[in-house]
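Visitor: For the sequence shown, numbering that gives the first Met the number 0 begins at 0 and goes up steadily by one.
Treat the hints as calculated values from the structure; they're not laboratory data.
Each residue gets a CB set at the ideal place from its N, CA and C atoms; glycine is no exception.
Please note that the accuracy of each hint is not assured.
[Claimed, not checked] Mimicking DSBU-like on lysine-lysine, the simulated pairs with C-alpha atoms at most 35 Å apart in a straight line are:
| id | residue 1 | residue 2 |
| --- | --- | --- |
| 1 | 167 | 238 |
| 2 | 6 | 20 |
| 3 | 196 | 208 |
| 4 | 167 | 106 |
| 5 | 242 | 278 |
[Claimed, not checked] If you anchor each label on the Cβ, the simulated ranges turn out as follows:
| id | residue 1 | residue 2 | range |
| --- | --- | --- | --- |
| 6 | 140 | 207 | 15 to 23 Å |
| 7 | 3 | 99 | 20 to 28 Å |
| 8 | 64 | 143 | 35 to 43 Å |
| 9 | 10 | 234 | 32 to 40 Å |
| 10 | 191 | 99 | 46 to 54 Å |
| 11 | 191 | 261 | 18 to 26 Å |
| 12 | 274 | 50 | 21 to 29 Å |
| 13 | 130 | 262 | 36 to 44 Å |
| 14 | 198 | 244 | 21 to 29 Å |
| 15 | 163 | 16 | 28 to 36 Å |
| 16 | 8 | 258 | 45 to 53 Å |
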Amino acid sequence: MSNIKRKWLDIPYANLSLAEKLDIYLPDEGDGPFPVIISIHGGAFMFGDKADGQLNPMLKGLNHGYAIVSMNYRMSGEALFPANINDVKAAIRWVKANAVKYKFSPKRIALWGGSAGGNLAALAGTSGDVKELEDMSMGNASQSSRVMAVVDWFGPTNFLLMDEQLTKTGNGKPDHSEANSPESKVLGQKITAIPAKVKMANPETYITKDDPPFLIEHGTKDQIVPTQQSVMFYGKLEKVLGKEKVILHLLEGAQHGGKEFETAENLQIVFSFLDKILK
């Protein structure tokens, strides 16, 4: 990151929390306007940072002519859902509102996140103008939080099915329905007691015909978020959006993230998908 010439760090996109900051990285050359990748970090909705190692694959987008915006959002220890998705949508609106200043192309924005960040990217992608997930008092209310593409890396979708699915595959410990699981913590209660809230946090709930194209990638040996989460999400998206707008890519033997996702070959798949839509 130190070798990136054009960058702006720790810029507030809202003012409810110190967490609401983002970093901007532009390609070394060119006047834009650049298509934008907004990076949303994972970390069980409770840790992780906009500048940690999870950003590395997204930063490769600079070589492909993308502006990269990496955001922090409120963690479950500070604020419960829907605070995190309110933050993501506020950041999208901020990027559009500040497009001229930072050489962004406001009509060409993609979201890319892994794990908890994959859930939030997918949720923002399907819930374009869904008012109950948006807090317009956070600023730039004249902007829409719709985006043009989503890259969802192994994000959970339906929290209530995770344990049953992990049990089926035998890949990991089925403990998502416990009171102290990341999912229960971010929703504020044991998930089995609040199905309506779980439904609100599920990107599948909001799928409509005008959703953007999706690329979903998941490891077949994921021991934290069961692979079936992405398979089911893909099926529901494909049914509504059609085959040409949704890609599911399962990485054989890969676990919850890891080097398989960051190979040159796999990143080529991601950037080909983004180029096709945003360029």
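Visitor: Each hint: holds or not?
Guide: For each hint, the structure was consulted:
For a cut-off of 35 Å, the pair hint linking residue 167 to residue 238 stands: about 25 Å separates their Cα positions. Under the criterion of a C-alpha separation no larger than 35 Å, the hint pairing residue 6 with residue 20 is consistent with the structure, at around 14 Å. Between the alpha carbons of residue 196 and residue 208 the distance comes to roughly 24 Å, so the proposed pair stays at or under 35 Å and holds. Annotation: proposed proximity of residue 167 to residue 106 is violated, straight-line Cα distance about 42 Å (limit 35 Å).
Annotation: proposed proximity of residue 242 to residue 278 holds, straight-line Cα distance about 20 Å (limit 35 Å). Evaluation of the 15 to 23 Å hint for residue 140 and residue 207 yields a pass: the beta carbon distance comes to about 22 Å. Taking the beta carbon of each, residue 3 and residue 99 are about 21 Å apart, inside 20 to 28 Å as hinted. As the Cβ distance of residue 64 to residue 143 is approximately 24 Å, the hint placing it in 35 to 43 Å is violated.
Range check, residue 10 to residue 234: Cβ separation about 39 Å, and the 32 to 40 Å hint holds. Taking the beta carbon of each, residue 191 and residue 99 are about 48 Å apart, inside 46 to 54 Å as hinted. Distance hint check: the CB atoms of residue 191 and residue 261 are about 35 Å apart, inconsistent with the given range 18 to 26 Å. The beta-carbon spacing between residue 274 and residue 50, approximately 25 Å, falls within the hinted interval of 21 to 29 Å.
Range check, residue 130 to residue 262: about 40 Å between beta-carbon atoms, so the 36 to 44 Å window is met. Distance hint check: the CB atoms of residue 198 and residue 244 are about 23 Å apart, consistent with the given range 21 to 29 Å. Roughly 35 Å separates the CB atoms of residue 163 and residue 16, a value that falls within the hinted 28 to 36 Å. One distance hint, 45 to 53 Å for the beta-carbon pair residue 8 and residue 258, is violated here, with the actual separation near 27 Å.
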